[in-house]
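> Could you put together the complete structure from these sequences and hints?
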Amino acid sequence: MSGADHMNIEWEKVGDDWKLFRLINDRHMSVEILNYGGVITKILVPDRKGKRENVVLGYKDHRDYEKNPHFLGALIGRVAGRIKGASFELDGKRYLLEKNEGDHHLHGGSGGFHRVLWEAKPFESPGEVGLELRYLSRDGECGYPGNVRVHVMYKLNNDNRLMIEYRAVSDRKTPLALTNHSYFNLTGNLKGTVHNHLVQANCSRFAELDHELIPTGNILDTRGTLFDFTGGRRLGDGIAAGSGQNRIVGDGYDHYFFFDGEEGKVTVKDESSGRILTIRTNQPGMVMYTSNNLEEGLELAEGKSRKYLGVCFETQASPASLHHAGFPSVLVNAGETYYRWTSFQFAVEGA
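Numbering-wise, the sequence shown is residues 0 to 350 according to numbering that gives the first Met the number 0.
Simulated from the structure, these hints should not be mistaken for lab results. Hints should not be assumed to be uniformly reliable.
DSSO-like, lysine-lysine: derived pairs with alpha carbons at most 27 angstroms apart [unchecked claim]: (1) 306 to 264; (2) 41 to 190; (3) 264 to 59; (4) 18 to 92; (5) 303 to 41; (6) 92 to 190; (7) 264 to 303; (8) 48 to 303; (9) 83 to 172; (10) 59 to 83; (11) 98 to 48; (12) 18 to 66; (13) 98 to 264; (14) 48 to 190; (15) 59 to 12; (16) 98 to 306; (17) 303 to 18; (18) 190 to 306; (19) 120 to 41; (20) 264 to 12; (21) 66 to 264; (22) 306 to 83; (23) 41 to 18; (24) 120 to 12; (25) 66 to 172; (26) 83 to 12; (27) 41 to 306; (28) 120 to 66; (29) 41 to 12; (30) 190 to 303; (31) 50 to 190; (32) 59 to 190; (33) 66 to 83; (34) 66 to 92; (35) 66 to 48; (36) 59 to 41; (37) 83 to 303; (38) 59 to 306.
What follows is the structure, given as structure tokens:
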């Protein structure tokens, strides 16, 4: 299909029931998405010289997304993040979930949304092209209560902005926290690590972690620490400096940051390419993860994986709210419409 603005959508089969959709705008940006896992496999955007390159991590062979132990580019649900003890209590009843990371439950479990074949429908509307994904997560799936109808929209416009909208309705009260797990690398085609990515974020608090990467319940002030990104900071500061909280996660960041105010904003800059990524969201916080524990040697589209090759901005509420006060709740009531959005807008310095 093609629109009046020369934007278009292409798709191809990459297996019996897998389809790869390509959203293309008329400013040389494109986004590739699989109906399996809702995975963003590529985002091509220009650098300061106009060279289009991929700025997310993706596998060379699409079938590697079947396992995808590092959740590259995937939709995450029902609950993004770690649930302590793989259990929670809700209205006096205890729910047991799969222990897929030690004694804990991570990113919805092995049968989470990253391993779902979504119903996919491309669409056009004025000024944008997109992909609509739908899935019915049935009561008891992966241990969670409620039949949940999930509806995710990827939208690309001519301002080089990718918008992801998440909508869901459950017939029972249940935890729900959806996000996308793309690893960004603005150097382009994985030419370098993210050490020199300059990140600015309106976050003055973050969650302290224990040695199993589970929030302790303590909420710490970022001021005067390597977790203060309010004025801008290179990711390499926390990777190299080795403070206690950075060391716990494998030298880097894998922490929940609380956004100040009603809208979260993160700006990411790479001086080598001139690329700038601006993230906006109505989510209450994010987990920023600098791929400290990314397995080495995976066959990615542009080369082999290694530590610090990407950075995730997992905008979400916090599953720590199931066990601790003071964290943004992941609970939704029966019949309540869950609605969250996050946008990723690309630009170049001086443009």
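> Next, verify each hint and record whether it holds.
Status of each hint after checking the structure:
1. Only pairs whose Cα atoms come within 27 angstroms are accepted, and residue 306 paired with residue 264 is accepted, the gap being roughly 26 angstroms.
2. Between residue 41 and residue 190 the alpha-carbon distance is near 15 angstroms, which keeps this suggested pair within the 27 angstroms criterion.
3. At most 27 angstroms may separate the alpha-carbon atoms for a hinted pair to count; residue 264 and residue 59 exceed this at roughly 31 angstroms.
4. For the proposed pair residue 18 and residue 92, the alpha carbon gap of about 40 angstroms is over 27 angstroms, so the pair is violated.
5. Taken as a hint, the residue 303 and residue 41 pair is honoured in the structure, with Cα atoms around 16 angstroms apart against an allowance of 27 angstroms.
6. For the hint linking residue 92 to residue 190, the alpha-carbon distance of about 50 angstroms lies beyond 27 angstroms, and the restraint is violated.
7. This hinted pair does not check out: residue 264 and residue 303 have alpha carbons roughly 31 angstroms apart, beyond 27 angstroms.
8. Distance restraint check for residue 48 and residue 303: the Cα-Cα separation of roughly 26 angstroms lies within the 27 angstroms cut-off, and the hinted pair is therefore satisfied.
9. At most 27 angstroms may separate the alpha-carbon atoms for a hinted pair to count; residue 83 and residue 172 meet this at roughly 19 angstroms.
10. For a cut-off of 27 angstroms, the pair hint linking residue 59 to residue 83 is broken: about 34 angstroms separates their Cα positions.
11. Between residue 98 and residue 48 the CA atoms are separated by roughly 47 angstroms; this puts the pair beyond 27 angstroms, and the hint is violated.
12. Of the supplied pair hints, the one linking residue 18 and residue 66 holds, its CA atoms being roughly 17 angstroms apart against a limit of 27 angstroms.
13. This hinted pair does not check out: residue 98 and residue 264 have alpha carbons roughly 33 angstroms apart, beyond 27 angstroms.
14. With a C-alpha separation of about 16 angstroms, the suggested pairing of residue 48 with residue 190 holds against the 27 angstroms cut-off.
15. Annotation: proposed proximity of residue 59 to residue 12 holds, straight-line Cα distance about 16 angstroms (limit 27 angstroms).
16. The suggested pairing of residue 98 with residue 306 holds, with an alpha-carbon distance near 25 angstroms, which does not exceed 27 angstroms.
17. Taken as a hint, the residue 303 and residue 18 pair is honoured in the structure, with Cα atoms around 25 angstroms apart against an allowance of 27 angstroms.
18. Between residue 190 and residue 306, the direct Cα distance comes to roughly 13 angstroms. Compliance with the 27 angstroms bound is thereby established for this hinted pair.
19. At most 27 angstroms may separate the alpha-carbon atoms for a hinted pair to count; residue 120 and residue 41 meet this at roughly 19 angstroms.
20. Among the hinted pairs, residue 264 with residue 12 is inconsistent with the structure: their alpha-carbon atoms are about 36 angstroms apart, more than 27 angstroms.
21. Proximity of residue 66 to residue 264 is assessed by CA-CA distance (about 32 angstroms); at most 27 angstroms being required, the pair is judged violated.
22. Note on residue 306 and residue 83: the hinted pairing holds, with a Cα-Cα distance of about 26 angstroms set against a maximum of 27 angstroms.
23. Among the hinted pairs, residue 41 with residue 18 is consistent with the structure: their alpha-carbon atoms are about 14 angstroms apart, no more than 27 angstroms.
24. At most 27 angstroms may separate the alpha-carbon atoms for a hinted pair to count; residue 120 and residue 12 meet this at roughly 14 angstroms.
25. Taking the CA atoms of residue 66 and residue 172, the gap is near 30 angstroms; set against the 27 angstroms cutoff, the hint is violated.
26. Of the supplied pair hints, the one linking residue 83 and residue 12 is violated, its CA atoms being roughly 39 angstroms apart against a limit of 27 angstroms.
27. Between residue 41 and residue 306 the CA atoms are separated by roughly 19 angstroms; this keeps the pair inside 27 angstroms, and the hint holds.
28. Proximity of residue 120 to residue 66 is assessed by CA-CA distance (about 24 angstroms); at most 27 angstroms being required, the pair is judged to hold.
29. This hinted pair checks out: residue 41 and residue 12 have alpha carbons roughly 16 angstroms apart, not beyond 27 angstroms.
30. Taken as a hint, the residue 190 and residue 303 pair is honoured in the structure, with Cα atoms around 11 angstroms apart against an allowance of 27 angstroms.
31. Distance hint between residue 50 and residue 190 is fulfilled; the C-alpha atoms sit about 13 angstroms from each other, no more than 27 angstroms.
32. At roughly 16 angstroms between alpha-carbon atoms, residue 59 and residue 190 fall within 27 angstroms of each other, so this suggested pair holds.
33. Restraint check for residue 66 and residue 83: the C-alpha separation of about 23 angstroms stays at or below 27 angstroms, so the hint holds.
34. Proposed proximity of residue 66 and residue 92 is contradicted: the alpha carbons are some 32 angstroms apart, above 27 angstroms.
35. Distance check on the hinted pair: residue 66 and residue 48 sit about 37 angstroms apart at the alpha-carbon level, beyond 27 angstroms; violated.
36. This hinted pair checks out: residue 59 and residue 41 have alpha carbons roughly 11 angstroms apart, not beyond 27 angstroms.
37. Distance check on the hinted pair: residue 83 and residue 303 sit about 32 angstroms apart at the alpha-carbon level, beyond 27 angstroms; violated.
38. Of the pairs offered as hints, the one joining residue 59 and residue 306 holds, with about 18 angstroms between alpha carbons and a cut-off of 27 angstroms not exceeded.
Of the numbered hints stated above, those contradicted by the structure are hints 3, 4, 6, 7, 10, 11, 13, 20, 21, 25, 26, 34, 35 and 37, listed in ascending order.
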